[in-house]
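Could you build the full structure based on these sequences and the hints that come with them?
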Amino acid sequence: MISVFDKKEDCCGCTACESICPERAITMKPDKEGFLYPEINQGLCIDCNLCRSVCPIQNRLVLSDRLHDPRVFAVKHKKEQVRMSSASGGAYTAISDYILKSSGVVYGAEFDDDFCVRHNRATNAEVRNKFKGSKYIQSDTRGIFKQIEEDLIKGNNVLFTGTACQVAGLRKFLEAKQVKTNKLTTNDIICHGVPSPLLWQGYLNFIQKKNKLKSYTFRYKQKGWHGYNVKTEFTNGKLKINTPDIKVFANLFSSDLALRPCCYYCCFANLQRPSDILIGDFWGIEKTMPEFDDNKGVSLVLINSQKGEEIFQEIKDELIVRESNIKDCLQHNLQYPTKKREEREQFWQDYYKYGFEYIAQKYAGYSFRGRVKSLLKDFLKKIGLLMYVKKLVR
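Just remember that the numbering used here sits 4 ahead of the position in the sequence shown, which is counted from 1.
In short, the hints are calculated from the structure, not lab data.
Since the model is a prediction, treat every value here as computed from it, not as a measurement.
A hint or two may mislead.
The calculated DSSO-like cross-link candidates involving lysine-lysine, where the alpha carbons are at most 27 Å apart (straight line), are [unchecked claim]:
1) LYS216 x LYS134
2) LYS33 x LYS11
3) LYS242 x LYS134
4) LYS33 x LYS357
5) LYS242 x LYS216
Right, dumping it as structure tokens:
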């Protein structure tokens with residue numbers, strides 16, 4: 005086998021191919037943009053074609069117990085401290101608590117000691133809590149699919165949470181290994197696309213010039229749930245919230261210039277999810293169900309399978325639930341992939357030629373003008389004049 009994929013748009017980096025290879029001939033290695041792709045050792049490869057057969061992009065996944073139409077709910081966890089420590093409404097905590105209480109195992113994405121994002125395994129709430137909150141970088145799942153296989157063979161209840169392509173890759177891997185999945189629950193998220201881990205590392209170096217990072221929160225909600233507030237804490241005790249330097253990576257993510265190539269052609273950006281349960285932010289709730297929105301976070305929950313329905317019934321007592329419908333919850337990435345921008349090639353050329361600080365200034369608002377504008381906006385918001393000034397400008 006020369007390659008697992010024909011072009012980079014056909015690889016999501018889920019690691020199913022590496023996990024299935026009987027000869028360990030496949031290794032996931034980063035390309036020049038920092039994304040992991042499978043590389044085949046031709047001396048070890050036996051051309052069994054298993055790697056291509058488990059690729060979730062090249063092979064359609066069919067859920068045997070899929071509901072004809074997903075059920076849609078707006079959800080808030082009854083415990084406010086759970087909600088405030090979650091990116092949206094705390095639905096993930098309720099789902100994972102249910103699995104943990106059954107002596108089960110939970111897999112999710114966390115920051116490691118160097119703030120790289122990796123999937124890990126948890127058997128208690130303390131470790132599971134590291135999986136909570138949004139992390140806008142592609143997580144590294146190397147070795148995880150085999151761990152899940154071992155847990156399922158042992159008879160453990162397992163919850164896996166990840167992007168739709170990661171969930172589909174896991175299911176295709178387990179299907180090929182003929183592992184029973186009656187004790188597996190899968191949970192995917194509404195995904196805008198995954199930005200480059202290489203740029204994330206450049207950003208970490210950029211904000212840690214003077215002090216080391218102690219904690220990082222992509223979705224800090226003390227200022228409210230609507231909008232993206234980034235909070236950082238450094239080892240010297242200094243806190244930064246939405247300062248121009250701290251917002252650089254969030255702005256790069258929002259620019260859509262640095263997503264993985266396959267994200268612009270995502271075959272999972274629709275309502276045919278590969279998971280039992282989908283969770284995300286219920287954007288638009290302030291219009292469709294304003295009485296339910298208190299600006300502290302509301303989860304959108306889509307139940308896609310009979311198993312998902314059964315689990316949701318078990319956890320409903322932990323939640324405040326309102327049933328909704330597809331029309332009121334439909335977001336762009338539940339219909340279409342994120343559009344690839346024409347400037348993407350120029351963006352990467354600028355990065356390779358001039359480095360991270362250059363693209364921070366050119367594409368992420370870190371220029372002098374951008375910094376002044378950001379500080380002025382924060383000041384006007386603080387004194388309550390931002391909306392008035394916006395109306396005046398219009």
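- CA of LYS216 to CA of LYS134, is that 27 Å or under? Cα-Cα ~19 Å, so holds.
- Task: Mind checking the alpha carbons of LYS242 and LYS216 for me, to see if they're no more than 27 Å apart?
- Result: holds, 10 Å
- Item | LYS242 paired with LYS134 [C-alpha distance capped at 27 Å] | Holds - the C-alpha atoms of LYS134 and LYS242 are around 22 Å apart, at most 27 Å.
- Message: Check whether the Cα positions of LYS33 and LYS11 lie no farther apart than 27 Å.
- Response: Satisfied, since the Cα-Cα distance of roughly 16 Å is no more than 27 Å.
- Query: LYS33 and LYS357: Cα distance at most 27 Å?
  - Reply: holds, 23 Å
Violated hints are absent here; each numbered hint is respected by the structure.
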